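Enquirer: Below are the chains, spelled out letter by letter.
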Amino acid sequence: MVVTDPTVETPASAEELARLLREAAAAKMAVIPVGGGRASGMGDPPERADVLLHTTRLDRVVEHSQSDMVVSVEAGITLEALQSELAKAGQFLPLDPFHSPGHTVGGLLATGWTGPLRLRFGSPRDFLIGIRVALPDGKLATGGGRVVKNVSGYDMMKLHYGALGSLGVIVAASFKVFPKPLHDVTVSNEGGWEAAETALSTPLGPSAVELSSDGTVLARYLGSPQAVDRVVSGLEWDEAEESVWEKHSHSAPETWARITAPRSALRRLVGSLPEHDRWWASPGVGIAHWVIRADAQSVRDMRAKVEAAGGTLVMLAAPEGFMREVGAWGTAPKTIDIMRRLKKAFDPDGVLNPGRFVV
Amino acid sequence: MALPRAVIEELRRVVGRESVIDSANDLRIFERDGSIEGAMPDAVVLASTTEQVAGVMKVAARHRIPVVPRGAGTGLSGGAVTIRGGIALQVTRMRGILEIDPVAMTALVEPGVVNQELSLVAAQHGLFYAPDPSSQKACTLGGNAAENSGGPHCLYYGVTTNHVLGMEVVLADGSVHWVSGDAPDRIGLDLCGVLVGSEGTLCAITKIKVRLLRIPPSIATLLAAFPSIESASQAVSAVIGHGIVPAALEMMDNVTVGAVEAHYHAGYPTDAGAVLLVEVDGIAESTRELTAAISKILAANQGYAMREAQTPAERELLWAGRKGAIGALGRIKPNYYLHDGVVPRSRLPQVLSAVGEIGEHYKLPVANVFHAGDGNLHPNILFDLRDRDVLDQVEAAGEEMLRAVVELGGALSGEHGIGLEKSAFMPWIYSEDDLNAMHRVKDVLDADGILNPGKIFPDPSRRPVHLAGRTGLAIEAKWW
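Protein chains in written order, with the working numbering: chain A, 1 to 359; chain B, 1 to 480.
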């Protein structure tokens with residue numbers, strides 16, 4: 001990061017955050033939104049960083065309507081704090097990102113990081129039902145609402161989800177939450193890709209299937225007790241402790257990348273990773289995480305293969321020099337011009353995360 | 001206002017002479033969709049390919065002529081109505097299922113494919129397409145994607161946007177783009193997610209890649225009667241509160257049940273204040289276990305006359321009553337106005353009693369059919385168009401019902417869209433800044449405003465809302 005002592009701001013309200021953002025934008029200062037800092041290595045090193053705008057004091061649960069199974073929170077709340085609030089009502093948000101704990105909700109929405117449970121529940125893209133965003137002109141704009149089904153106006157949640165804070169700073173969000181499953185069993189096997197496919201094709205679909213480069217497969221089944229027990233006993237795998245998932249979520253290599261690919265291409269692509277590098281994958285989703293020990297050229301070669309198969313290779317963290325050499329994102333999409341125009345409409349002076357995202 | 005001959009000729013050069021309709025008599029067929037208000041297009045263009053759609057858009061862009069993409073015209077919010085005239089761009093000739101990939105569990109379809117047809121074809125591979133609007137026998141997948149349609153089974157499976165993996169779209173300038181695709185987490189902004197549900201105001205959709213799901217091996221469908229809507233609503237909350245999210249959880253009120261039973265003889269108990277239709281799917285162990293648990297919960301919440309469909313034919317019959325409910329209401333009055341709103345689920349009893357009071361006030365019978373699990377209500381105002389001034393009354397009653405929805409923390413539409421019908425009410429739920437942010441997206445993608453003009457955003461030139469004086473309440477009550 002080309003940084004000369006950026007100012008650190010920790011606003012205590014959405015309004016204050018919006019005002020700080022407006023003032024910074026008016027002065028054409030570069031603003032880097034910061035949540036829990038877990039994904040601060042994501043993206044290309046910003047061209048400038050004048051203000052670090054922290055959301056961590058925006059950490060309230062605004063409303064948890066238990067009977068509606070809807071929760072509204074400020075963006076700076078950590079995922080763990082949100083989960084413990086939901087747990088009081090036997091509910092949870094099915095999101096289990098890597099490099100946990102410490103992610104903020106806003107950070108997870110901005111980066112689009114997900115975890116193993118995505119297989120069954122999708123990503124927050126699927127259960128984010130409302131969003132409030134501070135824009136560089138100081139406006140606070142809301143999209144969606146607090147109902148689980150809503151087609152009132154454009155889907156502004158999708159516009160900001162995964163946009164790495166490049167159009168605005170997320171200050172609050174509402175989610176559809178889920179009841180804790182009646183039964184939750186995890187089993188493991190050392191059988192590699194074949195075992196993963198076996199788990200994926202059980203009649204009661206698994207909620208998570210994770211495969212590691214050492215051949216270990218973890219499969220998690222959620223549902224009614226008899227159904228889960230029948231499927232699990234049919235598999236004849238070893239039962240695993242539930243804590244394996246928490247351990248897995250702590251995975252946070254120093255240099256790593258996320259590979260996404262059409263499901264059917266993932267095995268072949270992962271098979272061409274450098275022999276001694278570790279990885280783990282969600283074969284049912286089409287995502288793999290690569291723990292990079294190889295050199296920058298190998299990463300570029302790998303990215304070329306992944307992109308040729310219709311996928312993406314995004315660097316999640318790396319030493320700055322390595323990141324510059326490889327580039328965080330890879331080939332820009334063909335629709336990049338449209339994205340640039342959207343960026344311009346929301347952030348005309350380019351003050352938000354300049355140079356970090358693809359727009 | 002008729003289009004200049006030269007423009008008609010340009011359009012004919014794009015799609016062929018026979019595929020441009022401009023005679024007043026023929027245009028009349030395209031005056032309406034499933035909503036209340038109609039308006040004549042100046043021309044209808046029947047496109048067969050992406051290139052033709054792009055060519056039509058280019059002609060329209062050059063002459064600044066409005067273009068309204070149109071599928072089967074079953075929409076209920078006026079999305080396909082050419083309120084500012086111009087071209088109705090009919091895509092129903094684009095009805096190819098181009099590819100079904102049983103391994104990746106995806107399908108690539110053209111926008112004119114009928115929703116149910118995809119599931120019928122996918123069934124050969126043991127797969128189905130989950131979003132199932134009640135109009136699924138007629139509505140198109142292009143229209144579904146444009147409106148982000150829902151359906152009874154969206155409670156568990158999610159709405160259209162959760163199942164669209166990518167789209168080929170034509171923008172207002174006639175350029176053709178693919179947005180998103182097979183791999184998750186594309187680079188850059190999620191244009192696909194923004195375009196789904198944009199109601200034809202941002203693009204015309206020419207191809208859609210959708211996710212298919214495995215047909216569950218076992219399905220159980222339960223019907224239960226309740227003395228009142230309150231007790232049925234309580235039962236719904238109890239089921240979900242117990243940790244069970246059924247595939248579908250539908251409610252019908254007494255008025256609807258009476259009409260349905262007279263028409264379908266599905267065995268609905270006509271003395272009930274409300275009837276719940278609950279469906280769970282999965283493997284046999286799971287449906288058996290869940291059905292037993294649900295039955296117990298329903299019984300504990302005053303449920304009675306419970307029945308489980310014993311055969312696929314019985315299941316079909318139970319669903320025929322629900323999906324055909326709107327048609328059956330024709331027994332009561334010849335015309336209906338089907339509304340759509342969503343409230344937090346726990347507010348269902350409150351909103352329904354408000355709906356009942358509003359109906360009484362206007363002396364209009366109201367029948368309620370709704371997706372109870374989602375809090376998505378569909379009050380159906382029944383009337384006879386031959387009665388004098390009735391339409392004004394119907395619209396006023398509908399507006400008050402929506403107002404009640406919003407005041408209880410709800411949203412203007414769960415699945416029908418804003419379209420023409422509800423654009424004036426948008427300031428009830430969104431501030432000027434909220435709407436301005438949405439409009440920035442519109443301006444980027446369609447600076448001249450030729451795609452489906454007059455929809456979604458409030459149009460000051462149109463009739464103001466009756467309840468404008470109370471505007472602002474909802475915004476103040478907002479949760480942020």
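Rather than coming from a laboratory, the hints here were simulated on the basis of the structure.
Treat the hints with care, since some could be wrong.
Chain A side only, calculated, beta carbon under 10 Å to chain B, not exhaustive [what the hints assert, rightly or not]:
#1 135
#2 162
#3 192
#4 195
#5 198
#6 230
#7 323
Computed beta-carbon distance windows for the label pairs [what the hints assert, rightly or not]:
#8 87(A) - 265(B): 45 to 51 Å
#9 448(B) - 102(A): 54 to 60 Å
#10 102(A) - 267(B): 54 to 60 Å
Quick caveat: nothing in here was measured; it's all calculated off a predicted structure.
Just so you know, even glycine gets a beta-carbon here, dropped at the ideal spot from N, CA and C.
Enquirer: Next, verify each hint and record whether it holds.
Expert: Status of each hint after checking the structure:
Interface hint status for residue 135(A): upheld, as the beta-carbon distance to the closest one in chain B is roughly 7 Å, under 10 Å. A distance limit of 10 Å between C-beta atoms decides the matter here; for residue 162(A) the minimum to chain B is near 6 Å, and the interface restraint holds. With a cut of 10 Å, the hint placing residue 192(A) at the interface with chain B is violated, because the nearest CB-to-CB distance is about 19 Å. Interface restraint check: residue 195(A) against chain B, minimum CB-CB distance 18 Å, threshold 10 Å, status violated.
For residue 198(A), the shortest C-beta to C-beta distance to chain B is roughly 15 Å, which exceeds 10 Å, and the interface hint is violated. Because the closest C-beta pair between residue 230(A) and chain B is about 5 Å apart, less than 10 Å, the hint holds. Contact between residue 323(A) and chain B, as hinted, is not supported at the beta carbon level, the nearest pair being about 16 Å apart and thus beyond 10 Å. Between residue 87(A) and residue 265(B) the C-beta distance comes to about 48 Å, which sits within the given range of 45 to 51 Å.
Restraint check, residue 448(B) to residue 102(A): a C-beta distance of roughly 47 Å breaks the suggested window 54 to 60 Å. Separated by about 56 Å at the C-beta atoms, residue 102(A) and residue 267(B) satisfy the suggested range of 54 to 60 Å.
Of the numbered hints stated above, those contradicted by the structure are hints 3, 4, 5, 7 and 9, listed in ascending order.
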